[in-house]
Amino acid sequence: MKPAPFKYVLASSLDHALALKAEHGDEARFLAGGQSLIPAMNFRLARPSVLIDINALTRLSGIDRPEAGQVRVGALTRYRALERDGEFLRSCPLFADALPHIAHPQVRNRGTIGGNLSHADPASELPALAIAMQARMRIRSAAGERTVAASDFFAGLLTTDLASDEMLVDITYPVLAPRSGACFMEIARRRGDFAIAGVAAVVTLDEERRCASVRLALCGVGETPVDAGAAALPMIGSRLTGDAVEAVAAGVRDLIAPSGNVHASPDYQRHVAGVLVQRAIRTAHQRISHAA
Amino acid sequence: MSTRFFGAPVKRNEDRKLLTGQALFIDDVELPDMLHVAFLRSQVAHARLKQIDVSRARQRPGVVAVYVAEDYGDYWQPGPLLVQPPPIPGSTFNPRTQVPLARDKVRYVGEPLAVVVAESRYLAEDALDDIDVELETLPAVVDIEQALTSSSVPVHDDLGSNVAAHVHQVKGDYRKAAANAQIILKRRFRYEHGISSPIETRGVVAHWNARGQQMTIWDTTQAPVFIRNGLAAMLGLGERQVRVIAPFVGGGFGPKIMMFYPEEVGLPWISMRLNRPVKWIEDRLEHFVATTHERGQIHDAEIALAADGRILGVKDVFLHDTGAYNTYGLTVPINSQCTLLGPYVIPAYDSTFTAVFTNLPIVTPYRGAGRQHGVFVIERLLDLAARELGIDRAEIRRRNLIPPDAFPYNNQIIFQDFAPLSYDSGNYEPVLAKALDAIGYQRFLKEEQPKFREEGRCVGIGVACYVEGTGIGPYEGAKVQVQANGKVNVATGIGTQGQGHFTSFAQIVADQLGVDPSDVDIVTGDTDQFYWGAGTFASRGAVVAGNAVSEASAAVRRKALKLAADAFECAEEDLVLADGKVSIAGIPGKFIRLGELAQRANPMRGAVRPGTEPGLESTQYFGPPSGATANGVHAAIVEIDPLTLELKVLKYVVVHDCGTVINPMILEGQIHGGVAQGIGNAFFEKLAFDDQGQLLNASLADYLLPTALDVPRMELDHTVTPSPLNPLGIKGAGEAGAIPVGAVFAQAIEDALQLTSRKVELLEIPLSPSRLFELTRQEDA
Amino acid sequence: MQPDHHEIELTVNGTRYRRTVESRLLLSDFLRHELGLAGTHVGCEHGVCGACTILLDGDPVRSCLMLAVQANGHALATVEGLAPASGELHPVQQAMHAHHGLQCGYCTPGILMTMTAYLNEHPSPSEDEVREALSGNLCRCTGYQNIVDAMMDAAARMREEAP
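In the order they appear, the protein sequences are chains X, Y and H.
This note's numbering puts the first residue of the first sequence at 64, with every later residue one more than the last.
This note's numbering puts the first residue of the second sequence at 4, with every later residue one more than the last.
This note's numbering puts the first residue of the third sequence at 203, with every later residue one more than the last.
Heads up, some of the hints might be wrong.
[Claimed, not checked] The following label-pair restraints were derived from C-beta to C-beta distances: (1) Arg191(Y) with Ala310(X): 36 to 42 Å; (2) Asp644(Y) with Thr210(X): 38 to 44 Å; (3) Gly443(Y) with Ser326(H): 26 to 32 Å; (4) Gln133(X) with Gln46(Y): 45 to 51 Å; (5) Leu448(Y) with Arg128(X): 55 to 61 Å; (6) Glu451(Y) with Pro129(X): 53 to 59 Å; (7) Glu208(X) with Glu236(H): 40 to 46 Å; (8) Asp261(H) with Arg253(X): 19 to 25 Å; (9) Arg191(Y) with Gly219(X): 41 to 47 Å.
No wet-lab data here; the hints were simulated from the structure.
The beta carbon of each residue, even a glycine, is placed where N, CA and C say it ideally should be.
Take these sequences, add in the hints, and give me the full structure.
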């Protein structure tokens, strides 16, 4: 399990990295944390001919607030930096729930948010969070820059909207709105494994404590993270009740089409997705009550 | 002689090296000019090999050689049959042993087809891509029931069927027993086991020294002497020309025993051929298919009972998946067959098995070695019987235990060591009573469980008994030698993979010779240090080698006392051997150090008297007449999330009896590790093959070894019934932790989810949340 | 493809090394076979088992999931640096010995590196937290119980030693 040969280039600037990518296209891969890419290379499932190491591009790393109500996370920010940033976790509490489910501390010390999202593993937590939080992804290439919504970013199994000359450079998340609660839950065979099913829920109440919005996204149950917001629409405008939450769960079970894997049958995935939807919505809702 | 150290939790001698990164493991062996080896493995489970073209690979820069089966010439031979089948009348056994490189046919995914030798492993792997293989794919034989139908293709063409073995063993008259029974219960059980997956994979380094005509082989083997003898014969060398060293080995658990794996056979030949040292380190991807497995059995078993729950007889017919070759003989299915009888009086037993060839990796013993399959069947049958007869689960077990006055207890059938299955000693009821007490069995059922159920929590309890045949022969030996510096050196032929031999053997010696265990250096696994031996398997190291060490150190003790008595011109009875010296009782200033005695035992002048031998040393062998039978009870309380069916172990208790204990700390460690592997087997680990024989989860991301969050705290206790079969009274303990866990889990989960009332029975292992969902939903629907 | 080589300079356990490496050489192989620091073990080469865990600028990482060339300019620590040769063992090593927290010892270096960093940052962990911290290191021998006990004890030893 040794990687096939490749040419390694340490990018000295973002422009340098993007120029190299424009030159080599799909033959080249960006090396960020390497926690998905290097295993794939060790198995020789990935054989890039050029590796563009972006780890020296420190300006791609870090958390800031471009304007009120928003948090921007640089693509090279490591999970560990997010975990250690209490203010970020309070602003974006789904991360506080989700980060401990991402592999193990040794991996979180290296892995980056941009690498994770660009890899687009549907069983990974952060793509679902991006959907649930309606994140916006800023993408650069040598030719220019564009921004896409998370809902348009994940195109298919391990596939994103990124063109072969593009790099995800940062992600902007709205901070948790007032009267809102958030919860991420997942089921995996062991802590740190990829999810059999995971649910991110964000519930926002109006001043009468009726549901003003319910954002729902799932991981592990399809070829991409699944935006299940539609299943929660019947709750909007009413108070949260057990029946309503069950109905949302039923809606989610109808919506998703998990394919099953060696750990779980599709039926089990569908079943526990529904269980988690109920639990996550209830917990998110409780967290508003507690905060209020 | 004092027993200051024997029986004490002495801290391990080997730890410092391991804790500081200084221990020598196989991949740490670095030699000048060493080449690196990678194997091209079949991606197809069953195919005829039409053509293999390695010419491009040979051209690649950095590649030194590429070999296919034809290149091996006369060296290409099917491997040895490692264990002959026991002499059971009427048995069929069709040995088909693995080959060094596939020649005409491939029989499992992962079977090696070619070997590349290059300047680095990286380059060797590059060259694997250059090899062109033409295969004619055949239907893959994967399902053991279908394998026996007439429509199945044979894995071995010359055999005509896929029957690897057929064995029938009988005790008493089952038909008569069944005729007298109050009830007869019959079920089908499936038990899958997995792969041992030590954190260190396998590896071989071979170094042919042409000038010295000496072959040195470093090998992650549990049985270096067998490997030396076998390879010397294959290579046309004398045994004295071959040295096999098993260095520190990062976990074995069975599959590292003495397989004559294709890599073990190939590397020494390559080293001779190229006259350079060569190294092969198995990577994790290879490990999943290239290292042997333990896998599935299907049992159709029935039990006949009297109204009071007494077992009248058991009948069992089972299929055993042996994989593509049956190199290890019948050890695994015989263990299943024998261990099913458990600690119970079963007057009539009728057991038949068929071992089946499939196009899957080879099956050989892995910790438990088939015993857990048998334990699962009898324990589940007893659970079903308890329910049918309205008897408590623990009580039905108690009623059937072999009474303490019935030992030695002869079960009449033949065990894997060729001896009749006779339990040497035991006192089973106190073990069960202690376990029930420790888990709080009555309190749980009467008080705690009803409360949990009121709260909507699904919490259940499981209790299972087992015996374990351990410490089988043939023999082990040890050489104990006092050195001039006063330190004692002990060499033995077994290998070591973490069992603490450097300490437990030192404890035995320390008491005999009056030294500290830290002054005893143990050498294991180097055939130049100790010439004879069998190996570390079947929970036998402490029993068989331990007794040999004891005998040898006792002989050295006698020698030391005799030498000192001569020196002091006193009677041996007046001497005290302690603190590394022999002194005259009552005269502390009058002493002679052991190191000085060792020098005197090898004099430069004068004469060694007739009838004596030089050196303060002794080599002794020990061979038990048959295996010692340990026993135990595991009990667990588990909670299941009723919606997600995730499991949490709330309490886990092990009470066991493995005779006299050398080092309780090391023993507990063995039990802990065994239970962890048992939990993996019961609830996490499953080798998932598709119908083409492809392993779908060949990575540690998908083959789920339990983590620190999955293995609960374990509470241990023990009783001591010494074995009469060896002077130290030891029984083995290496496998006890792993054996009954599946049975405990199935029972406890059934109880937690009240599956009985839902008419769901858990008759298979491994379980998982998803599988529990399928099983319960089928019934609910 | 022509081999792609790079010159790198780094410190391991305080010692400065300068080497030329092929770009694809894994950091684990570099430490073991180029620098002879064979105490870092390799168990899976896909980032799951944790045996190859080392410290990169003080943080535990999988050395099988890094290229040697990426370590250029960084400070690494491996098991060999925990205790001076023949000197006193680090409290985590002492506790592992005292509690029989190792059997075959193959996973041990990775566990030591993970847990020394963890205990430096979390001086008073609960047992559950220790288990969580350990969950990225697989051990096939011990069932973890004695390792957990060792870590609780090590935490106490380190608290005592702390200024």
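Hint-by-hint comparison with the structure:
1. Arg191(Y) with Ala310(X): 36 to 42 Å: holds (41 Å)
2. Asp644(Y) with Thr210(X): 38 to 44 Å: Taking Cβ atoms as reference, Asp644(Y) and Thr210(X) lie about 41 Å apart, which means the hint holds.
3. Gly443(Y) with Ser326(H): 26 to 32 Å: At 31 Å between Cβs, range holds.
4. Gln133(X) with Gln46(Y): 45 to 51 Å: The hint (45 to 51 Å, Cβ to Cβ) holds, given that Gln133(X) and Gln46(Y) are roughly 50 Å apart.
5. Leu448(Y) with Arg128(X): 55 to 61 Å: holds (58 Å)
6. Glu451(Y) with Pro129(X): 53 to 59 Å: Check passed, 56 Å falls within 53 to 59 Å.
7. Glu208(X) with Glu236(H): 40 to 46 Å: holds (41 Å)
8. Asp261(H) with Arg253(X): 19 to 25 Å: At 23 Å between Cβs, range holds.
9. Arg191(Y) with Gly219(X): 41 to 47 Å: holds (43 Å)
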